[in-house]
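Colleague: Chain by chain, the residues run as shown.
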Amino acid sequence: MKLSFIATKIGAELKGEDLEVSSLTSLDQATEEDLSFVESRQYLPQARASKARALIVPPELAQELEDGRSLLIAPQVRVAWAKAAALFWKEPPRPSGISPLAVIEEGVQLEPGVTVYPFVYIGRQARIGKNSVLYPGVFVGEGAQIGQNCRLYPYVVLYPGVRLGDHVTLHAGAVVGADGFGYAQEIGPQGLKHLKIPHFGTVEIGPEVEIGANSCVDRGTFGATKIGPGTKIDNLAQIGHNVEIGEAAIIVAQCGLGGHARLGPWVMMGGQVGVAPGAEIGARAQIAAKSGVTGKIPPEAEVAGIPAIPIRIWRKAVVAFAKLPDMVKDWQKLKKLWGGKSEL
Amino acid sequence: MKLSFIATKIGAELKGEDLEVSSLTSLDQATEEDLSFVESRQYLPQARASKARALIVPPELAQELEDGRSLLIAPQVRVAWAKAAALFWKEPPRPSGISPLAVIEEGVQLEPGVTVYPFVYIGRQARIGKNSVLYPGVFVGEGAQIGQNCRLYPYVVLYPGVRLGDHVTLHAGAVVGADGFGYAQEIGPQGLKHLKIPHFGTVEIGPEVEIGANSCVDRGTFGATKIGPGTKIDNLAQIGHNVEIGEAAIIVAQCGLGGHARLGPWVMMGGQVGVAPGAEIGARAQIAAKSGVTGKIPPEAEVAGIPAIPIRIWRKAVVAFAKLPDMVKDWQKLKKLWGGKSEL
Amino acid sequence: MKLSFIATKIGAELKGEDLEVSSLTSLDQATEEDLSFVESRQYLPQARASKARALIVPPELAQELEDGRSLLIAPQVRVAWAKAAALFWKEPPRPSGISPLAVIEEGVQLEPGVTVYPFVYIGRQARIGKNSVLYPGVFVGEGAQIGQNCRLYPYVVLYPGVRLGDHVTLHAGAVVGADGFGYAQEIGPQGLKHLKIPHFGTVEIGPEVEIGANSCVDRGTFGATKIGPGTKIDNLAQIGHNVEIGEAAIIVAQCGLGGHARLGPWVMMGGQVGVAPGAEIGARAQIAAKSGVTGKIPPEAEVAGIPAIPIRIWRKAVVAFAKLPDMVKDWQKLKKLWGGKSEL
Chain A
676 MKLSFIATKI GAELKGEDLE VSSLTSLDQA TEEDLSFVES RQYLPQARAS KARALIVPPE
736 LAQELEDGRS LLIAPQVRVA WAKAAALFWK EPPRPSGISP LAVIEEGVQL EPGVTVYPFV
796 YIGRQARIGK NSVLYPGVFV GEGAQIGQNC RLYPYVVLYP GVRLGDHVTL HAGAVVGADG
856 FGYAQEIGPQ GLKHLKIPHF GTVEIGPEVE IGANSCVDRG TFGATKIGPG TKIDNLAQIG
916 HNVEIGEAAI IVAQCGLGGH ARLGPWVMMG GQVGVAPGAE IGARAQIAAK SGVTGKIPPE
976 AEVAGIPAIP IRIWRKAVVA FAKLPDMVKD WQKLKKLWGG KSEL
Chain B
676 MKLSFIATKI GAELKGEDLE VSSLTSLDQA TEEDLSFVES RQYLPQARAS KARALIVPPE
736 LAQELEDGRS LLIAPQVRVA WAKAAALFWK EPPRPSGISP LAVIEEGVQL EPGVTVYPFV
796 YIGRQARIGK NSVLYPGVFV GEGAQIGQNC RLYPYVVLYP GVRLGDHVTL HAGAVVGADG
856 FGYAQEIGPQ GLKHLKIPHF GTVEIGPEVE IGANSCVDRG TFGATKIGPG TKIDNLAQIG
916 HNVEIGEAAI IVAQCGLGGH ARLGPWVMMG GQVGVAPGAE IGARAQIAAK SGVTGKIPPE
976 AEVAGIPAIP IRIWRKAVVA FAKLPDMVKD WQKLKKLWGG KSEL
Chain C
676 MKLSFIATKI GAELKGEDLE VSSLTSLDQA TEEDLSFVES RQYLPQARAS KARALIVPPE
736 LAQELEDGRS LLIAPQVRVA WAKAAALFWK EPPRPSGISP LAVIEEGVQL EPGVTVYPFV
796 YIGRQARIGK NSVLYPGVFV GEGAQIGQNC RLYPYVVLYP GVRLGDHVTL HAGAVVGADG
856 FGYAQEIGPQ GLKHLKIPHF GTVEIGPEVE IGANSCVDRG TFGATKIGPG TKIDNLAQIG
916 HNVEIGEAAI IVAQCGLGGH ARLGPWVMMG GQVGVAPGAE IGARAQIAAK SGVTGKIPPE
976 AEVAGIPAIP IRIWRKAVVA FAKLPDMVKD WQKLKKLWGG KSEL
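Chains as they are written, first to last, in the numbering used here: chain A, 676 to 1019; chain B, 676 to 1019; chain C, 676 to 1019.
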C-alpha cells in the first residue's frame, strides 16, 4: 500500500518518499517493510531504534524524526494509526449463507448476505439484517432483531425480543436480555421469601455498540434497558435492568451498573467500577477504576473512591490514608498530653 | 382480567369499580387499559399523571389517590404487584419433547414434559425432572440431576454429578461444578509449582434457586458446595468450592465468595462484594456493595468497607476520609508548632 | 491401594501397618476404608475424631497421632495429599474419536487420541495435539493451535490464531483471543467518537496453564498476550490485551488485568484485584484481594489497598480508618480550642 494512499485515507500529510508498506505494527515489531507510529515524545528512542520504513507522527515530533524515513504527519496520531490499521485489517474469511446445521424456526427473516454458522439457533419471528454474521452457537430468542453488519461471536445469547442496531459487535459469551435481578421480599410465617418479579421489558442496543466477551445486559422490568449509539463495553461487565447509557460511553471490564442507573453521553469508566441502582452520571463524567458510584455525579466531573468523591480530593486523601498509622500515634500522644488541660 | 380476580389472587382489597385490565406495567408506561402500582409516597405525582386504569396501592396512600380510579389496596405493595405481574406473565411458547438434534447418552432418565432443545448434550445416567426445560446448548454432565420445573437457559453447563432441586432457574452461560481453585504449592528445585488438587466433590443447589447469567459455582474439593433453597444469585458471581449458603440469601452481581465461606440464611449482599475463603456471615446480615468480608460477621450485622466494619462507623469514616487532606495539613502544622514543647 | 504404594508415589514414610485404602477424602467425610490428611495442628481434634483408616501427617504431628492408625509422614503435607488424591482421581470416561456431529473445516490437523464431542466447531488449519479433549460446543477459530493433553470444557472459545501449550485446561465458557478493548478517541464535529483499533495480535498460553470458567484473555493489539507456564487463573478473570504473565502465577477469581500489564513469575493475587493498564508487578509479589495496583510493585512486595500500598502499612491504616470518626471529632475540638492561639 502506497503511503500517499494511506495519507489521503487517514488525513495525514506525507513528508518524504512515497514508499510501499506491507502492514502496520508497533515500533518494536516493525520490519523494514512496515509502517509504524509514534504517539508521543516518550516513544522517540523506540522510534529511532525501530526498523519501520515509515512512521505516523504528530506535527510536533516531525522535525526530530527526520532521518530519511518517510513520515505521515497527523495531528491526532492515535486516530490516524487506528484508521491506517483499519486499512490493513482483513476480516477472517467466512463461508457465506446459512449452515444446514443451524436451526431456524418459523417466520425468521434473514436479509441478504447473512452468514449463519453451524449450531446457531434462531427463534421464531426473529430478524437478522443484511451482512450480519452469526458465529457458531449464537442463540437468537424469539422475535429478537439484529441490525445490519452485526458480528455475533460464538455463544452470544439474545433472549427473546431484544433489539440490536446496525454494526453492533457482541463478543463470545455475551448475554443480552436475561431477567433483571428483581424480587419482592414477602414476609411470611417461615421468614423472608423472594418472589420473582417477571421481566416484561427488553433491551435496545444502539448502532456501533461493541460489547465484550461474557458481559451481561439484563432486560428491563417494564420498558427497555438502553445502550446508546457508539458505546463500548469491555468484557465481563454487568448492565442491570432498565439502565440507560448515553451515546459513546466507555465502560471498562468488570464494571457493574445497578438497575435503573443512568449514564449520560461520553461517560468514561475505568475497570471494576460499581454503580448503585438508580445512580445518575452526567455527560462526560470520568469515573476512576474500582470506584463505587452512588447518587448523582455531575457532568464533566472526575471522581474516584468508594463512595466516589472528586478525584483531586481522593488523590490527596489516599496519600493521607497511608499516613494514618502515624497520625493515630500522634493523636493518642496528644490526647494524653493535653488530657488534663482540655476536653481532648 | 377482572380486578376482583386479581384482588383475590394477590390478597388485596378492591376499592372502586370491578374493571377489566389487560396488563400490568409501570406508571409512566401504563395505557388506559393497564393496571399499575404505587410503591410509596414519592411516586404520587407520577401516579396522578399516569393513564393507568387501576392502581395497586398501600393502605396509607389509598385516600390520597381516590380520583375515580379503581384501587387494589395491599399492605405489601411490592409483593402484591409482583404477584399480579406473575398473573399476566406468559412464558414464551416452546416446542415440547426432545429435539432430534440433541445428543442424549445412555442411561439418561427424562421425566414426562421435559423439553430438550437442539444442541443440548446430556451425559450418561443424568436425570431430568418433570417439565424442566433445557434451552439450546445446555450441557449436562454425566450423572447430573435436575429437579422438576427447572429452566436452564442457553449454554448453561452442569459438570458431572451436580444436583439441582425443583424450580431452579439458571441463566445463560452459568457454569455449575467446575473444579475449585485449589493447588498445593510444591517447593522444588526450579521454584514453586502449583500441583492441581483434584475435586472429588459436587454442587447441591436447593429448590427455588435462581442463578444469573455467566455466574460460576465451583464443585467441592470433597463434599459439596451448597446453595440453600430460595437463594437468588445475580449475574457474573463466583461461588467458590465448598461454600455453603443458607436459605433465601440475596447475592447481587459480581460478588465473589472464596472457598469454604459460609453464609447464614437471609444474608443480603450488594454487588461486587468479596468474601474471603473460610469467612462466616451470620443470618440476616447485610453486606454493602463492594465490601470485603473477612473473619466472622455476626447475625443481623450491617457492614461495609474493605475490610468490612459496622456500616454506621463506615459511613462516618468515609465522610472523614474526604477531610483527610485538611487534617493532614493541620496535623503537620500542629507538629511544627508544638515540636519544641512536646513529643509530637 | 496399598499404603506402601502411596508412600512411594508421594514421597512419604509409612509408619504402621501397610493397609489397603479405597479413597482419599477429608477428615470429617472419611469412612473406615479411607485415607485422610492432617494439614496442621489445628486439625488434631478432627483427626482424632475421624474414622479414617490412615492419615497423611507432617513429621511434627506424627507422634501425637500415634493411636494405632497407619501414618504416612510427609514434610509438605498439602503437596503429599494432593499427589495422593491424584492417584485416586479417575477422569470421567469419554468416547474416543471425533463425533460425527462436530464440524471440522478444511486443513485441520488432529493428532492421535484426540476426542471431539458433538457440536464442536474447528476452523480451518487449526491443530489439535495428541490426547486433547474438546468437550461439547468448543469453538476453535481458524489457525488456532492446541497442544497435547489439553482439556477444553464446554463452550470454550478460541478466537482465530491463538496458541495453547501442552496440558492446558480451560474451563467452561472461557474465551481466549477476543479483541482487546482499544479505541482511538476521534474528536469530531458531533463529539467524541471511538474508532475501533483492529487487533492483529494473538494469545500465547504456556504449558500447564489452567484457566477458570467464563474467564477472558484478550488478544494483543500487535504481538501476543502471554501467559507463562504453570500459571493458574480462576473463574471470571479478565486478562487484557498484551498482558504478560510470568511462570506459575496465581490469579484468583474476578481479577482484572489492564492492557500491557506485566506480572513477574510466581506473583500471587487475591480475588477481585484490579491492575491498571501498563502496571508492573515484580516476581513473587503478593497482592491482597480487592487491591488496585498502579505503577510498579517491586519483587517480593506484599501490598494491599486502592491504590495498593505495603500491606503492613495498610493493615494499620485500615484500623485507623475505623477510628477516623473519633479523630475528626477531636480534631474539630482541637481546632476550636486552639483557634485563638495558633494557626490551626
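Please note that the accuracy of each hint is not assured.
Which copy is meant is left open, so a pair is good if it fits within one copy or across any two.
To be verified - Capping the alpha-carbon separation at 25 Å, the derived lysine-lysine pairs in PhoX-like fashion look like this:
| # | residue 1 | residue 2 |
| --- | --- | --- |
| 1 | 991 | 1004 |
| 2 | 726 | 901 |
| 3 | 677 | 765 |
| 4 | 1011 | 998 |
| 5 | 726 | 765 |
| 6 | 868 | 684 |
| 7 | 805 | 868 |
| 8 | 871 | 901 |
| 9 | 690 | 998 |
| 10 | 901 | 805 |
| 11 | 805 | 971 |
These aren't lab readings, by the way, just hints derived from the structure by calculation.
Colleague: Does each hint hold? Answer for all of them.
Modeller: Verification of the supplied hints:
1. 991 / 1004: both (20 Å within a copy, 11 Å between copies)
2. 726 / 901: between (47 Å within a copy, 24 Å between copies)
3. 677 / 765: within (17 Å within a copy, 60 Å between copies)
4. 1011 / 998: both (20 Å within a copy, 16 Å between copies)
5. 726 / 765: within (24 Å within a copy, 53 Å between copies)
6. 868 / 684: Between copies only: 17 Å across chains, 61 Å inside a chain, cut-off 25 Å.
7. 805 / 868: between (47 Å within a copy, 24 Å between copies)
8. 871 / 901: both (22 Å within a copy, 21 Å between copies)
9. 690 / 998: neither (54 Å within a copy, 54 Å between copies)
10. 901 / 805: within (23 Å within a copy, 37 Å between copies)
11. 805 / 971: Classified as neither; 40 Å inside a copy, 48 Å across copies.
Of the hints listed earlier, those the structure fails to meet are numbers 9, 11, in rising order.
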